[in-house]
Amino acid sequence: MNILVCIKQVPDTTEIKIDPVKNTLIRDGVPSILNPFDGYALEAAARLKDKDPDTKIVVITMGPPQANAVLKEALGIAADKAYLLTGRAFGGSDTLATSYIISQAIKKVEETEGKFDAIFCGKQAIDGDTAQVGPEIAEHLGLPQVTYGLVCEKTEDGKGLRVTQEGDDGKPIIEVGFPCLVTFTKPNFDPRYPTIKRKLAANKAQIPVIGDTVEEFPDMDRSRIGLMGSPTHVKRSFVPERKKGGIIISEETVEDSAVKLAALLSDAHII
Amino acid sequence: MEAKTKDLWVFIETNEDGSPKKVGLELLNPGRKLADKQGGKLVAVVIGNNVAVSVEEAGKFGADQVIVVEGPEYEKYTTDAYAIALVHLCEKYAPTTVMVGATNVGRDLAPRVTARIGTGLTADCTSIDIDEESGNVAWTRPAFGGNLMATILCPDHRPQFGTVRPGVFKKPAETENKAEVIREEFHVAPEQIRTKLIDVIREAAEELVDLEGAEIIVSGGRGVGGPEGFAPVKELADALGGVVGASRAAVDAGWISHSHQVGQTGKTVGPKLYIACGISGAIQHMAGMSGSDTIVAINKDPDANIFSIADYGIVGDLFKVLPVLTAEVKKIKG
Amino acid sequence: MDFFNDELHNDLLEMYRDFAEKSVKPLAAELDKEERFPRETIEQMAEMNMMGIPFPEEYEGAGVDTLSYIQAVEEISKVCASTGVALSAHTSLCAWPIYQFGTEEQKKKYLPDLCSGRKIGAFGLTEPSAGTDAAMQKTQAEDKGDHWLLNGSKCFITNAGEASTYVIFAMTDKSQGNRGISAFIVESDFPGFSVGKHEEKMGIRGSATAELIFQDCIVPKENLLGDLNKGFKIAMMTLDGGRIGIAAQALGIAEGAIDVTVKYVQEREQFGRRISQFQNTQFELAQMRANTEAAKLLVYQAACAKDAGKPYSHLAAMAKLNASRNASDVTRRCLQLYGGYGYTRDYPIERMMRDAKITEIYEGTSEVQMMVISGWMGVK
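Residue numbers (our numbering), protein chains in the order written: chain F, 898 to 1168; chain A, 1279 to 1612; chain V, 6 to 385.
Take the hints with a grain of salt, since some may be wrong.
[As the list claims (entries may be wrong)] Below are the EDC-like pairs computed for lysine to aspartate or glutamate, each with C-alpha atoms no more than 20 Å apart in a straight line:
#1 Lys-1370/A - Glu-1469/A
#2 Lys-1300/A - Glu-1063/F
#3 Lys-1354/A - Asp-1066/F
Source of the hints: derived by calculation from the structure; they are not laboratory data.
All figures in this text were calculated on a predicted structure; none of them were measured in a lab.
Go ahead and model the full structure; you've got the sequences and the hints to work with.
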């Protein structure tokens, strides 16, 4: 199998704090990490490779040169090859423009790596939380999609994937033929750690860079990328207001407080 | 695409039995206000098989018009069939705005459709209004794990699409209204549907948690200390006739299944009463429950964030507070 | 080497830290409470190539170095000293002497299983009446022509029962004292080998510590490690390296204690203030941090000397003397900052204090370290 995993470097949103005075995000010192959902996608690919060692796993990320760090991390975990997609012309892209650029880059990478049987993505990135880029790439490439994948395996005939999906109620099992795109959410197991040997190799790896020039992408429609190619615009962003705190019940003992609470809730006809 | 009408569409997602999902009806509430501001009709779009109930309910809850696409190929959701049908409808009727519930299905369908049309989509909105300046829909949504809110416009492309989280809006009041029904005969050939639903694994009864529909939620966080720590949480929930929720910390630690998770990466809830036990109030969690009518926080740490949004708080050990509270609730409820 | 700014080491360090936080820390209290060996953690470390960090890839090692290996011990010991010593004893006390003193056949036979973590290793020198006075060995190895016959017992053996490969010391020439001890590679399924009583310990309770019993234990001729009657030197050189591992364990314990205490003092309030706002808290933690940083430099220095092929016996002794004393000191003072809560098992600090003490005792007591250092100084 030939699998491409699309990954993104994101700020660790659990580490973001709010400046209580200015009411703005404190982004300094927030570590950059591999988007956890992309880690699950990589794990899904690695599990297919465990079963079939001939599987090749290629990773690609779009971002600034520093995003190389997540490519190296992916190489340390399971990827065989990595590509960095970077360029000023790509800046300011919303999800639609981003997915168009990535779909163009995938076609370009396929010239070297061969056609991908499956493209895996995280269901969403934890900074944007849109869950749009995966399905949009699938649309640009004309591929069938399965979103919210938990685990997957090859179908019995080996010509596609059988994906267990996190549904709104229950877990649908869906079969889809190659080539296809699957996005992954958090399964009930932890993804594997990198290994030292893979990490040493990753540190030495040369990561090809795909730029934004016309030479690189002769067929790219320039009106569909960057700020100009983005149908949506951010009008404003703000830190959400907090509701002010209410009553702290503090009777003699916490047990007394519990009794008081029940009474208050009852009086207010809440229970 | 150019809009041919000023209409606002709400996609009514249906269950397999043809009944509407709650979120679709919820969206008729903000849909009504926005449609009036836009000066167009409020249109419900129903795709499925045997969806008479959904059509009727859409009318009852305020839609002026319902566009229905029915066929056996729509009985179970597939990306391909639904995307083809919805794109067809958008092209034919060219509404100005489309709202879709941000369920897993909605978030699968909407980006596929907008990418095909080439228009903008704003995911997972928590509030919607009309931008005074431009007349566009102003879609507001959380980002950075709920730390930041962004208001997004889609000025030059139509229809402007957004998905909206379940539980953010309340269902509008039921009326005697009957909507005009337009039946659209449109079918998708089997070979156009490239995914096949083999089976659905249903979780065991106790695993099924209807957080979004719950009136009362009692949630446990890191402070419950382990899987067994959820016992007193569940006892209180049972006494109140509510359900058990959990913070991401408790779910990540493997103490309780993901289906209980409230917050940015879990469910957004808006119950009458939300009792947070041993939950510090990480912003991710608060993003999912701050819309609750009444919030109670029980936490050992007086500085826990959760107290900042709680209506009632007790600083203390949840293992001491909960049994007493449960006993009191039983007394009150007789 | 500039060990704080080396990209490779920092990269691996981050990986060890992430692993420790996510997979080792959640088990620490349970291992301590149940006196359970972290088998599943060892398996994870094996998959990550952590069971043979300083050994060449031809023996399935990771091909890195001592510095990176002791950083792994340090990071793991920050959250669980029991898991830390399992790694240290395996690497320093079993794989290393085989790598250093073994024949090519022995290395090919034993190292791949050890370095890959398919098997765990241990080291048996101490006996009931031969602790610091290691020359008082009673275990005997008799030359039976085509094999060795071992009789006797060992005590306080780390990884005992969990390990499959043991480096064991025994008298081959009683009349020669120190110069009559030899080293052997003993497999757990050799006839006559058994594991005796498990010790119930004050700390590092997740570490397996037990007695080894040799009753007419048959050891193949080719399993003599190093030259005949050169075992004492092998033991002492092995312990020189082992001490860097224990020093790293002690360093990790101190760092881990400071980490949890810094967090606690910022949460806990007394007299209407966070206790971090009291100058006593600030000065205590500042001193502890400074001393711990000093210990770290000694530990890293010893590791780098070993990697550079320079003499390191005295550096290892200094590192262990300081780091272990510091670990005991820091954990005790941190517990004091916690107050009553620190004395309960709801918080990890009492475990860290109990774990710290052993680092002043095993692989050479602090007194032995001072003997090594003073001897190196020529103060005799």
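Hints and how they fare:
With a C-alpha separation of about 23 Å, the suggested pair Lys-1370/A and Glu-1469/A falls outside the 20 Å cut-off, and the hint is violated. Proposed proximity of Lys-1300/A and Glu-1063/F is supported: the alpha carbons are some 19 Å apart, at most 20 Å. A hinted pair counts as satisfied when its Cα atoms are at most 20 Å apart, and Lys-1354/A with Asp-1066/F qualifies at roughly 13 Å.
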